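2 protein chains.
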Amino acid sequence: MTGATDSAAADGSTPEAIMGATYRALCEHGYADLTMQDIADESDKSKASLHYHFDTKEELLLAFLDHLYDAFTDDVGTTDGDDAVDRLVTFVDRVLCPAERTDEARAGSRPDATSDGETDGDEPNDGGETDEFEEFQTALLEIKAQGPYVEAYREQLERVDAFVRDRVRSIVADGIEEGTIRSDVDPDDTAAFVATLVDGVNTRRVALGETDGSVRNTFLAYVRENLVAPGADVAVDLGGDPGNDADRDTDGDATEATDDDDVTGSADGDDGRAAAGGDD
Amino acid sequence: MTGATDSAAADGSTPEAIMGATYRALCEHGYADLTMQDIADESDKSKASLHYHFDTKEELLLAFLDHLYDAFTDDVGTTDGDDAVDRLVTFVDRVLCPAERTDEARAGSRPDATSDGETDGDEPNDGGETDEFEEFQTALLEIKAQGPYVEAYREQLERVDAFVRDRVRSIVADGIEEGTIRSDVDPDDTAAFVATLVDGVNTRRVALGETDGSVRNTFLAYVRENLVAPGADVAVDLGGDPGNDADRDTDGDATEATDDDDVTGSADGDDGRAAAGGDD
Numbered sequence: 155m156t157g158a159t160d161s162a163a164a165d166g167s168t169p170e171a172i173m174g175a176t177y178r179a180l181c182e183h184g185y186a187d188l189t190m191q192d193i194a195d196e197s198d199k200s201k202a203s204l205h206y207h208f209d210t211k212e213e214l215l216l217a218f219l220d221h222l223y224d225a226f227t228d229d230v231g232t233t234d235g236d237d238a239v240d241r242l243v244t245f246v247d248r249v250l251c252p253a254e255r256t257d258e259a260r261a262g263s264r265p266d267a268t269s270d271g272e273t274d275g276d277e278p279n280d281g282g283e284t285d286e287f288e289e290f291q292t293a294l295l296e297i298k299a300q301g302p303y304v305e306a307y308r309e310q311l312e313r314v315d316a317f318v319r320d321r322v323r324s325i326v327a328d329g330i331e332e333g334t335i336r337s338d339v340d341p342d343d344t345a346a347f348v349a350t351l352v353d354g355v356n357t358r359r360v361a362l363g364e365t366d367g368s369v370r371n372t373f374l375a376y377v378r379e380n381l382v383a384p385g386a387d388v389a390v391d392l393g394g395d396p397g398n399d400a401d402r403d404t405d406g407d408a409t410e411a412t413d414d415d416d417v418t419g420s421a422d423g424d425d426g427r428a429a430a431g432g433d434d
Numbered sequence: 155m156t157g158a159t160d161s162a163a164a165d166g167s168t169p170e171a172i173m174g175a176t177y178r179a180l181c182e183h184g185y186a187d188l189t190m191q192d193i194a195d196e197s198d199k200s201k202a203s204l205h206y207h208f209d210t211k212e213e214l215l216l217a218f219l220d221h222l223y224d225a226f227t228d229d230v231g232t233t234d235g236d237d238a239v240d241r242l243v244t245f246v247d248r249v250l251c252p253a254e255r256t257d258e259a260r261a262g263s264r265p266d267a268t269s270d271g272e273t274d275g276d277e278p279n280d281g282g283e284t285d286e287f288e289e290f291q292t293a294l295l296e297i298k299a300q301g302p303y304v305e306a307y308r309e310q311l312e313r314v315d316a317f318v319r320d321r322v323r324s325i326v327a328d329g330i331e332e333g334t335i336r337s338d339v340d341p342d343d344t345a346a347f348v349a350t351l352v353d354g355v356n357t358r359r360v361a362l363g364e365t366d367g368s369v370r371n372t373f374l375a376y377v378r379e380n381l382v383a384p385g386a387d388v389a390v391d392l393g394g395d396p397g398n399d400a401d402r403d404t405d406g407d408a409t410e411a412t413d414d415d416d417v418t419g420s421a422d423g424d425d426g427r428a429a430a431g432g433d434d
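Protein sequences, first through last, are from chains A and B. Quick note on numbering: the first sequence equals residues 155 to 434 in this note's numbering. Quick note on numbering: the second sequence equals residues 155 to 434 in this note's numbering.
Just so you know, these hints were derived from the structure itself, not from any lab. From a predicted model like this one, the values you see are computed outputs, not experimental measurements. All C-beta atoms, glycine included, are put in the ideal place defined by N, C-alpha and C. Hints should not be assumed to be uniformly reliable.
Below, simulated DMTMM-like cross-link-like pairs (lysine to aspartate or glutamate); rule was C-alpha separation at most 25 Å, straight line [unchecked claim]:
| no. | chain 1 | residue 1 | chain 2 | residue 2 |
| --- | --- | --- | --- | --- |
| 1 | B | Lys201 | B | Glu170 |
| 2 | A | Lys211 | B | Glu289 |
| 3 | B | Lys211 | A | Glu289 |
Quick partial rundown of chain A residues pointing at chain B, CB under 8 Å, derived from the structure [unchecked claim]:
| no. | residue |
| --- | --- |
| 4 | Ala299 |
| 5 | Phe347 |
| 6 | Val360 |
| 7 | Glu379 |
Based on the sequences and whatever the hints tell you, model everything.
Quick look at the structure:
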């Protein structure tokens, strides 16, 4: 956008290094109080050399949001899964917490790993990461609150949102085609709904400090009962606890989905995992 | 909280007037840039007389959030409806946009009503009110982003959130008892889910300028298919368009809810109303 992300600076500082410094400065100072000096302090560059790339804090932040878009879309751009329902739940989990979900997925796929990406941070490696993630979400919410004032911020936020909605829409469309998602589901409406839930979780994390993943169970119930096609052989309980999949297979059967306790039972029985994996 | 909301000041300014001035100053200046002088400028009081009540901007804002809680809970504290499902949808509509929903509901039920005693009260029409509502939501999102820094703000935000969740929980519990909501629905999970959606809609309104009510259809589908009890004679399409209720009766029947197009058809056919009434 500014050209800064694809060229090295004459003074030897790389735009990548500036982006890292911006991230750290945002975590430490938040958006409103952030100065170019704060960002310089987080790098080994002078404020003058920052100004070599960016005239204003706003311009630097725009480049940062651009950089963030690339990192985010790289992180969650492809979603593996047995079927569209699996991919949808995995995608939402990762969007809600890209870094930690990645950690968790890695821990889950390596049997020797004992850590699971929890928030409490008693492990040596991820307590700091979690704090940093919360701090960054806080700065991001401040930037969202600038939406009505800084049109260019809003455009970057819309870009991320469009990416999330496109991915959901495309996964849902695939699911309809493969027969795992009901043919009467509207991919656009579903995408808007999921994007709104994600924004809600992220806002609550900052505003209320809510990181208990309490929404995940209900999201899974929504997927199970609103999206899964009758008769589809899919498990709506994924991402980090594959060993339990056999118990969770709902079949999406019409009568099962509405008149027995198993469906909710399986959602409720899932508390431990949801609390661990939802959005904290 | 500060005692300011229930006593008149020695200089004749009423706390109520200060709250009104705070509301207007927040709409105009946002939270981050707000000064005591800005608030004084919106009232006919001096900055010194504001300080008679409140030592700091933060203290004043806390009293304002307290005042807001009272106004909000007065506005949406009771929800009429034929049954719990009706009340739930009506409650969510009003929480998403208390002022405008009230306008719309009153306009719908009393063709002669043109004014509604809303907070701002200076305009007979609602174009200005809508702008003001957006501005206020922006300031509120800034305050939410202060959650990690100002514990007392977070406590006030939690109070509002607890109220919303309590109401949803209680309506859902009533619905289970009266048989309109499935007995396997968890009132707590539902409350958390609804509160998260509400936060998402409010964040998107500010960050992205999204006011198209696009989530409402999918919320109604969620209510219809996840919450409504099999065989319950309720209409999941309410609030402002009662004339159409007969068309919307889903019966909550198991096969109807999962294998025909009528359910989605009725949700989709509702675009005009949802766009008008959802959250813009």
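Each hint, compared with the structure:
{"no.": "1", "hint": "Lys201(B) - Glu170(B)", "result": "16 Å, holds"}
{"no.": "2", "hint": "Lys211(A) - Glu289(B)", "result": "24 Å, holds"}
{"no.": "3", "hint": "Lys211(B) - Glu289(A)", "result": "24 Å, holds"}
{"no.": "4", "hint": "Ala299", "result": "4 Å, holds"}
{"no.": "5", "hint": "Phe347", "result": "4 Å, holds"}
{"no.": "6", "hint": "Val360", "result": "5 Å, holds"}
{"no.": "7", "hint": "Glu379", "result": "5 Å, holds"}
Consistency with the previously given hints is maintained throughout, with no hint failing.
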